[in-house]
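Each chain is listed here by its residues.
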Amino acid sequence: MTTPLTRSAAARPRRRRSGTYGDHPATGYLFLSPWILGALLLFLGPMLASLYLSFTDYDLFSTPNWIGLENYERMLTDDARFGNSVLATVRFVVFGVPIQLAAALGVALLLNRASRMSGVYRSAFYAPSLLGGSVALALVWRSLFTADGPADQLSGLFGMPSRGWVNDPQLALAVLVLLIVWQFGAPMVIFLAGLKQIPQELYDAASVDGANAWQRFRAITVPMLSPVIFFNLVLNTINAFQVFNAAFVVSGGTGGPSDTTLFYTLYLWRKGFVEFNMGYASAMAWLLLLGIALVTGLIFRSARSWVHYAGEKK
Amino acid sequence: MTPARMRRLAWHALVLAIVAVMLYPLAWMLASSLKPSREIVTSVALIPRTWEWANYASALEPRVGVPVWRFFLNTALISAGAVVGNVITCSLAAYAFARLRFRLRAPMFAFMLATIMLPYHVVLIPQYTIFQQLGMVDTFWPLVLPKFLATDAFFVFLMVQFVRQLPQDLDEAARIDGCGPFRIFTLVILPLLRPALITTAIFTFIWTWNDFFQQLIYLSSPDNYTLPLALRLFVDTQESVANFGPMFALSVLSMLPVLLFFAAFQRYLIDGMATSGLKG
Amino acid sequence: MKKTPVAVTALALTLLATACGGSGSEDGETTLRFAIWGSDERYEIVQGAVQAFMDDNPGIQVETTVAEYDAYWQRMNTEMAGGNAPDVFLMSDRHLREYTGRNVVMDLAPHVGEGVRTDDITPEVMGLGTDGDHLWGLPMSQITITMPYNPGLWEEAGAEAPELGWTWDDYLEAAQTVSEHTDEDVYGASDFGGIESWFKVYLSQKGKSLYTEDGELGYTADDVVEWWEMATEFREAGATTPGEITNDTTAGSPMVQRHSASEFTPDSTFAPDQADEFDGDFALAPLPQADSLGLYAEPAMLISASARTSHEEESLALIDYVVNEPAAAEALGMTFGLPANQTNREHISGDLEGAWQQVYEYEELVGPELKEGPPAPPQGASALFDLFTAYYEDVMFDRADPEEQARAFYAEAEQVIADNQD
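Line by line, the protein sequences give chains A, B and C.
Mapping to my numbering: the first sequence position 10 is 10, numbers consecutive.
Mapping to my numbering: the second sequence position 66 is 66, numbers consecutive.
Mapping to my numbering: the third sequence position 272 is 272, numbers consecutive.
Think of the hints as simulated: they come from the structure by calculation, not from any bench.
Careful: at least some of the hints might be erroneous.
Stated by the list, open to error - Restraint ranges, calculated between C-beta atoms of paired labels, are given here: (1) C:A411 x A:Y72: 19 to 27 Å; (2) C:Q415 x A:S155: 46 to 54 Å; (3) B:S43 x A:S155: 46 to 54 Å.
Stated by the list, open to error - Short, incomplete list of chain A residues facing chain C, as computed with Cβ under 7 Å: (4) T146; (5) M160; (6) P161; (7) G164; (8) T237.
Positions of the beta carbon are idealized from the N, C-alpha and C atoms, including for glycine.
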């Protein structure tokens with residue numbers, strides 16, 4: 001590590017003094033230039049376009065007409081299914097995100113030890129996440145939760161007879177939550193990578209001081225892992241608000257039973273591409289953006305008190 | 001038996017028990033790839049009554065006039081391109097956001113998050129129009145080019161979090177040695193960022209490999225079709241039993257490359273870390 | 001479609017366009033894009049007809065693209081909105097007005113007689129594509145609704161075989177008998193209440209239709225109440241499948257999954273070897289009737305061209321060829337149903353086999369009774385099709401009263417139609 005650094009230093013005359021942030025201001029933009037180009041080309045225009053379209057009656061094929069706030073008004077006052085979709089989504093976020101993250105963190109902690117089998121176990125836990133939202137996955141999930149399938153037998157054991165979880169408004173959401181919990185591979189891997197970044201010396205020192213496992217977890221693992229926990233929390237929340245594929249897998253995109261799996265983006269997609277009301281869909285999208293931004297903003301705010309960046313000075 | 005050995009065995013037992021539950025659905029999928037289509041439809045039992053090895057032969061037959069290896073190749077090319085793009089450009093952007101100071105940093109970071117907060121369905125058509133204007137529709141470019149423009153905010157943010165965990169003393173030491181930001185990035189940050197880079201590579205590969213929606217929109221000639229597209233062509237609009245057996249067989253086969261990719265790279269997630277020698 | 005309104009983007013776009021644009025020129029040949037929905041199998045069959053077209057029209061290349069039904073419309077909507085529609089495509093009845101109402105489908109009327117032949121097409125199936133003076137597409141085929149059933153199971157149970165003129169009461173009795181004499185999880189019939197297409201037949205039997213010529217609802221709330229109460233009577237009598245079976249269609253319909261011994265379906269949905277799936281225990285019967293049989297002939301879908309195609313003449317040639325040329329008919333067989341062109345119909349009738357022969361016989365049986373198909377559904381019809389199923393779901397799981405639910409559905413249906421008429 002030091003050799004190339006030293007060599008490079010010798011090869012290059014010192015042009016600038018050192019200083020924490022003494023770089024030329026253009027450097028940041030230089031590093032960001034691919035991102036800036038992508039943002040301008042692929043996002044800024046399309047996002048502004050969709051914002052504009054949210055105030056129109058855009059139907060995909062005709063020239064949009066300005067209708068002011070009508071889409072927004074209608075959504076908030078005169079659309080029962082919109083309310084259903086908000087409810088279904090909030091329930092999904094509230095149950096799905098914490099359960100998935102807890103499972104991912106639990107398994108990551110379990111796997112974070114040296115063993116010849118570690119690689120095999122990691123791969124096994126990740127395997128379910130290798131399946132995309134395919135027809136095969138739809139059939140697999142159906143086989144578990146269909147009438148008289150394993151899930152029915154299980155709930156029968158607990159004295160709660162059911163006729164196929166997917167059909168039951170009380171349980172259909174659970175089927176989807178279980179699906180994302182089952183596919184917890186991504187946050188698990190990120191937790192594992194984060195755990196590996198924690199210097200072993202910290203644990204050794206704590207052990208010497210007589211700290212038990214729980215104390216080490218509280219005093220070292222949690223704070224050192226906090227940036228990664230924060231990341232997983234933010235990203236999984238953002239993604240859960242936009243859950244789409246899971247509902248397609250289980251209910252074929254209908255949102256049934258009784259709209260209990262009619263997620264926000266599913267309803268938005270139906271409005272835009274099935275009912276040809278892209279103006280309304282755009283309005284829904286921007287309202288969702290505001291909602292997510294609000295929740296994410298709260299998480300960011302709370303982060304100041306619990307997320308610690310070891311690399312940075314206070 | 002020593003207590004340490006006992007504890008190790010208990011650990012293995014616990015892990016294996018969870019693995020068994022996790023893998024049951026996948027075992028069902030594997031078993032289904034060996035059932036006749038009709039049996040898949042009429043029974044949810046795990047073990048096949050009839051073993052239909054012919055599913056695999058039939059899965060490997062050409063579809064829509066295109067040999068199956070072509071679907072694998074197309075999918076692999078797109079996924080590999082996406083990996084290269086994401087690893088390079090997302091790490092550049094992450095370094096800028098995490099370590100450099102410039103006036104528009106905060107608004108730009110906020111905008112980046114906004115790009116993933118807006119459901120993509122409403123930007124789909126404007127984006128399609130752009131690629132259409134660029135003459136890139138029905139090529140792999142719309143699927144790969146965005147990755148070279150760091151549009152995956154997920155990975156930029158991921159790497160920002162990891163960069164911020166790296167000790168700033170290192171940058172400063174390198175700076176005192178006369179390194180500019182680019183050298184600090186390549187010589188100091190990148191090597192230490194390896195777990196995050198590997199994570200990015202793994203996820204990008206798998207997610208691109210499985211992505212159906214974007215591929216459906218941008219690829220229309222059968223020669224350009226990918227595995228996710230091919231896998232949807234077993235389902236008929238007709239009432240008859242779809243070709244579920246061969247469909248499961250091809251699903252299993254299409255999972256193998258990603259499984260191997262994961263198995264091959266996952267060990268770098270741990271082996272690569274040398275940070276224990278560094279003081280925070 | 002409005003272009004992205006930002007100058008910066010436009011600039012970057014132009015720069016990139018000059019750098020990377022241009023997909024290469026074609027050497028004097030025209031390439032048509034032709035989009036179909038369906039499976040790989042259907043693609044191969046259609047490709048047979050397309051190949052014959054290319055052989056007969058050397059300067060024209062046809063690139064056929066295929067996706068399953070839902071994916072097909074997602075891609076089509078995006079391509080249309082992005083100004084990159086395929087030249088020729090299949091069009092479903094429910095999507096027709098959504099597209100023609102927005103001026104993206106080519107009017108074939110000016111070309112009839114010159115490039116597009118319609119003389120030989122059965123008049124009953126021309127109605128869907130005809131809209132005043134316009135013609136929005138040629139019918140790919142003629143289909144009607146039928147009832148596939150397992151005659152062996154019915155006979156074993158002692159149920160009376162269905163025949164022309166039988167009634168819904170007869171069906172209730174027969175299906176109930178079959179349910180009683182078969183395994184516990186096998187029913188005489190699949191619950192039909194939630195599918196708008198079967199309700200459409202029921203309305204036709206009572207001299208009504210889903211939509212009027214002016215795109216209004218052609219029925220009353222009472223009609224829905226009646227239909228859902230009848231379906232509930234069937235279900236409560238154990239004649240039709242319970243909710244959890246009806247709802248579980250991921251792996252196919254209840255009959256395909258052996259949970260039911262009869263159901264309704266368009267007669268274009270069978271493969272030639274369909275009967276093998278039921279070990280030969282497979283036959284087609286007419287639907288039970290109310291005031292009249294009420295069955296009508298309709299095209300499975302239309303074949304249409306984009307209003308913005310830059311290859312108008314070639315697109316028309318392809319449409320005409322697929323519908324009217326014997327070579328195309330030979331390749332297509334009965335994939336889409338009975339050929340719409342009468343000469344072709346006779347032409348292929350000689351070498352039909354298996355289920356396709358059964359369909360042909362069924363069409364001969366009900367043919368004299370068939371009415372002309374109902375008018376094309378108005379904008380908003382796709383949404384209503386799904387709502388009909390969604391509302392019925394609570395009825396079929398006994399979570400809601402059929403009458404209340406029917407009235408709630410009807411109120412929303414009126415709203416949807418009204419919204420689409422502005």
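Hint check:
With their beta carbons about 24 Å apart, A411 (chain C) and Y72 (chain A) fall inside the hinted range of 19 to 27 Å. One distance hint, 46 to 54 Å for the beta-carbon pair Q415 (chain C) and S155 (chain A), is violated here, with the actual separation near 38 Å. For the hinted restraint 46 to 54 Å between S43 (chain B) and S155 (chain A), the CB-CB distance of approximately 21 Å leaves it violated. Annotation: T146 (chain A) was flagged as interfacial toward chain C, and the flag holds, the nearest CB pair being 6 Å apart, inside 7 Å.
Checking M160 (chain A) against chain C: minimum C-beta separation of about 15 Å lies over 7 Å; hint violated. Nearest Cβ of chain C to the Cβ of P161 (chain A): about 12 Å, over the 7 Å cut. The hint is violated. Because the beta carbon of G164 (chain A) sits about 4 Å from the nearest beta carbon in chain C, less than 7 Å, this interface hint is met. Given the 7 Å rule on beta carbons, the hint for T237 (chain A) is violated: about 27 Å separates it from the nearest Cβ of chain C.
In summary, the structure is inconsistent with hints 2, 3, 5, 6 and 8 from the numbered list given earlier, while agreeing with the others.
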